[in-house]
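Peer 1: The residues making up each chain are set out below.
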Amino acid sequence: MLIYLLKRVGLGIVIVVLAVSLLFIMIHMVPGDPARILLGPRATPEMIAHLSFKMGLDQPLFVQILKFFGNLLRGDLGMDVITNRTVADIVFGQLPYTLWLIFTAITGAIIIGIPLGCYSALHRNSIIDRVTGIISVACITAPAFVVALYSLLIFAVWLHWFPAVGAGEKGQFWDQVSHIVMPAFAIGLSWVGYLSRLVRSSMLEVLGDNHIRTARAYGLTESTIVYRYALKLAVLPTVTVIGVGMGFLLSAALFTEIVFSRPGIGKLIFDSISTRNYPVVMGSVLVSTILFVISTTLSDLINAWLDPRIRAAL
Amino acid sequence: MTNLKSRPLTVAGLNRRRFLQTSSSLGIAAATIGATEVVFAGSKKILKVRAYADLRSLDPAFSQGVVDEEIQSSIYSKLIQYKPGREWGYQLDAAESIEQASPTTIKFKLKPGIMFSNGFGEMTAEDVKFSYERILDDALKSTNTPDWGSLKGVTVLNKYEGIIEFSDPYPPAWNIALPYIVGNIVCKKAWLEAGGKVDTTTPCVSGPYLHADWQPKQRTVLKRNPEWHGGIAEFDEIHILPIDDEGSAQIAYESGDLDYTRVPLGAVGSLKDSMPAHSKLEEYPSLFYVWVGMNVENEMLSNENLRKAIQHAIDVPSIMEASYFGAAQPSTGIIAPGLTGNRAQSNVPPGANFKKAKEYLAAAGMSDGVTVTLDVLNKAANVTTAQVIQATCAQVGITIDINLHESGAFWSLGDSSAGERYKDIQLILNRYSMAPDPSYATAWFITSQKGIWNWERFSNAEFDQLETAAKAEVDVSKRDTMYQRMQDIMEDSGAYRFITHEATPVIYSDTIKPAFRPDGLPLFRYFSQS
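Residue numbers (our numbering), protein chains in the order written: chain D, 1 to 314; chain H, 1 to 530.
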């Protein structure tokens, strides 16, 4: 297990280095002088040259990449030349908003989606199963930004149930909760459908397994069989899907943060790319990539913890 | 055992009838409070407004335009401030008196007793001198230096009086310097203690509001400044929310999250038909200018007759309807109505003249048709405008290929230091913002701006001379004529088809009384309760 963990960490580092290097090259290929864009139309050529020097943009690309990783080893993500704040401060100031949003969305989806999937599996081919199936597919096909826009119009403008923009006042928990309901709903809705379909099919497969037949033969109650034995195995694919789905969750968070004008790392990346604020782009993408790697590794480890067969194979 | 059914509701002296009465009263009270809850949130009077971007700097030397200025003008004092209303003008702020003493000097006297917050003492003429002269300091590298034009320096006469001196006459000082970004007065002592410049926090202020908090990407909070020299500021707090999309801002307004916002031009019609409760909509002209530029050094567009054919093939009224939903008017140039230099009419009428366009096309030797590219920033109004241009030009045999760009790529298109792309530009749909002085509009089209912001690579000796002379002309009538002539030259070159100045529609709650510049920009320091 320890060797497996070390392997995953090593692989994670390789992924992060490759992803960030690739992005570094890509954003330098996109047209647009960052110094000129950051300084605006009034900047003189001297000011632009000075800022390029300060940002290290006057150096060859590979030197910039090496410097970035060199600084990273010292825990330095660089400085935002506009606000003179450290990139780490900016990124880690925004990250909790995105994590809180993703956590709320996926928790909501799990709470609704898994029982729905179980219920459908246990009542296979019933009317409720069919209705649930239709609703689930509808949820899966609804893009997050469409759900976001309609929920804004219905729940904020029409019904006035929830606020439309922002993330709530600092230190006011309930205000923050009211601000997260709609964005989390927008992101989580498709996951409700996805998880319910996944759990349904997985559950049906598990319920047909030999060990479940054996459990029934021993006379165990149906609820014990379902909740103690079958569900534990049926949720395994869910854990993997959520881990791998972190990338999708982050991209959905980006759209949602823009629509709801919420602070967060997605909006930070979007704004920074528009203004060619490279240090902030690099810092944000680095943290997002690390987040993705951690979540996939965690999902593998949770799988191993839940399923002794996987653990034995490691 | 008590019979609950027969027992009247008398808890703590409250019977059923009184309970109902109290409930109804509370309900009515709640409903009444609900109507004004945004402004009077809780026990505080909070004004919630939208800005199109987040705060970048609280230092006037590094202010990046309107958003920073909306905040800075609420927390700092200036000698004069823009006067709210429909006509451009100014009113005194920190100055007790101010006058143009000679063509190159402005004499001012500060009001006594203007205090900087945090114990930094009284504002003096030394602070004015420091605030203005630091913008000129090369070492500071302020991007706002051009706003001070030919400023030489400030001579301090005594504690409150001073003379602002220019090397040449500089009339724009009254329009874009003293009442705008570089006119903000900061405290010399505080700034020196802070190392000569500040970022997103400020050591002290002297305006109606204090900068209380900045939550990046979420809000800037201003609080009432109890030491303000102008009296008691209207609101306990102003919350400025950065919402870049106007559509989202409109939704936020309609859901009650904002008291004021600019709304999209496309929403004006529907808002007029169905106005949200307790709301008012106002439309202001804007200072933005939108035009189609043509690269005169491009091999194909160097043909003046082709440029003129394109000018006449573009139907501006159709663009007004399709892209601006009839809420904006065609422009006559780059200088907006209400400003010195605005032309009553353009040389090329707004409506397309296909007959003339075909004649010019024939004169260009391209009667069989021609294909040109149009570079456009990927915003909805721009895309629609480009499509209208494409449709009307097609009627005379000019095929337009539209190239869409995201903002970073678009704004480097004509930059000759960013590669060779500037040579390939043919038509560009462009939009610049400006401050309320004509010099701010014309400055980008002189020969030395070629490859910087003059993407048409337009060059005209008379234009360049006029640009220098008009900036220093103190006679308003002569100045007016000079700027009009400059726009004639631009248009006659065929390199420009002027489209519009757009418009600024704003919506606000009837619980507040907003204050705007004539171009619809909010002056938060003057916002009050209705």
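Among the hints, a few may not be true.
Said to hold, decoys possible - Where chain H lies over chain D, by a calculated footprint (3+ residues, C-beta under 8 Å):
id: 1; segment: 2–9
id: 2; segment: 134–144
id: 3; segment: 149–158
id: 4; segment: 196–207
id: 5; segment: 231–238
What the hints assert, rightly or not - So the derived list for chain H, only partly shown, Cβ under 10 Å to chain D, looks like this:
id: 6; residue: 215
id: 7; residue: 380
id: 8; residue: 421
id: 9; residue: 472
Hints listed in this document are in silico derivations from the structure and should not be mistaken for laboratory results.
Idealized CB from N, CA, C, for every residue including glycine.
Peer 1: Which numbered conditions among the earlier hints are violated in the structure presented, ordered from lowest to highest?
Peer 2: 1, 2, 4, 5, 7 and 9
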